[in-house]
Amino acid sequence: MPTHHKLVRDRIPEIIKNSGKQLKTKTLSEDRYIEELKKKLNEEVAEYQEAATDGRALEELADILELMHALTHQHGATIKEVEQIRTKKADERAVLKIKFF
Numbered sequence: 003m004p005t006h007h008k009l010v011r012d013r014i015p016e017i018i019k020n021s022g023k024q025l026k027t028k029t030l031s032e033d034r035y036i037e038e039l040k041k042k043l044n045e046e047v048a049e050y051q052e053a054a055t056d057g058r059a060l061e062e063l064a065d066i067l068e069l070m071h072a073l074t075h076q077h078g079a080t081i082k083e084v085e086q087i088r089t090k091k092a093d094e095r096a097v098l099k100i101k102f103f
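Counting from 3, one number per residue, gives the positions in the sequence shown under my numbering.
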């Protein structure tokens, strides 16, 4: 049985079992969960950076957004609150549209 020591989406164990394969999972502590969410975020950002097509890039951005939802929840907030912070920063400093460097 291959070993993958990483956080997976909630239905992945069910999908693996339904394919006839065996797996072992455990539930993480809150601290370890946040640590693994951060690792997963780094992994997904790296995959986004390597994406060769717009479609693949969008898939990776969707994964990043899912992690944003999970991390936001862990910090006791909502995506709406994060969006309000983003909007405030955009109002004060603008956005990344003009491509200044």
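Keep in mind that the hints are not guaranteed to be accurate.
Unchecked claim - In silico DSS-like links for lysine-lysine, alpha-carbon gap of 27 Å or less:
| no. | residue 1 | residue 2 |
| --- | --- | --- |
| 1 | LYS19 | LYS42 |
| 2 | LYS42 | LYS28 |
| 3 | LYS23 | LYS8 |
| 4 | LYS26 | LYS8 |
| 5 | LYS82 | LYS99 |
| 6 | LYS91 | LYS26 |
| 7 | LYS28 | LYS41 |
Stated by the list, open to error - Label-pair ranges, simulated between beta-carbon atoms:
| no. | residue 1 | residue 2 | range |
| --- | --- | --- | --- |
| 8 | GLN86 | GLU61 | 25 to 31 Å |
| 9 | LYS40 | GLN86 | 19 to 25 Å |
| 10 | ASP33 | ARG11 | 19 to 25 Å |
Calculated directly from the structure, the hints in this document are not laboratory data. For glycine and all other residues, C-beta sits at the position ideal for the given N, C-alpha and C.
Here is how each hint holds up against the structure:
no., hint, verdict
1, LYS19 / LYS42, "22 Å, holds"
2, LYS42 / LYS28, "17 Å, holds"
3, LYS23 / LYS8, "17 Å, holds"
4, LYS26 / LYS8, "12 Å, holds"
5, LYS82 / LYS99, "22 Å, holds"
6, LYS91 / LYS26, "43 Å, violated"
7, LYS28 / LYS41, "17 Å, holds"
8, GLN86 / GLU61: 25 to 31 Å, "27 Å, holds"
9, LYS40 / GLN86: 19 to 25 Å, "23 Å, holds"
10, ASP33 / ARG11: 19 to 25 Å, "20 Å, holds"
Of the hints listed earlier, the one the structure fails to meet is number 6.
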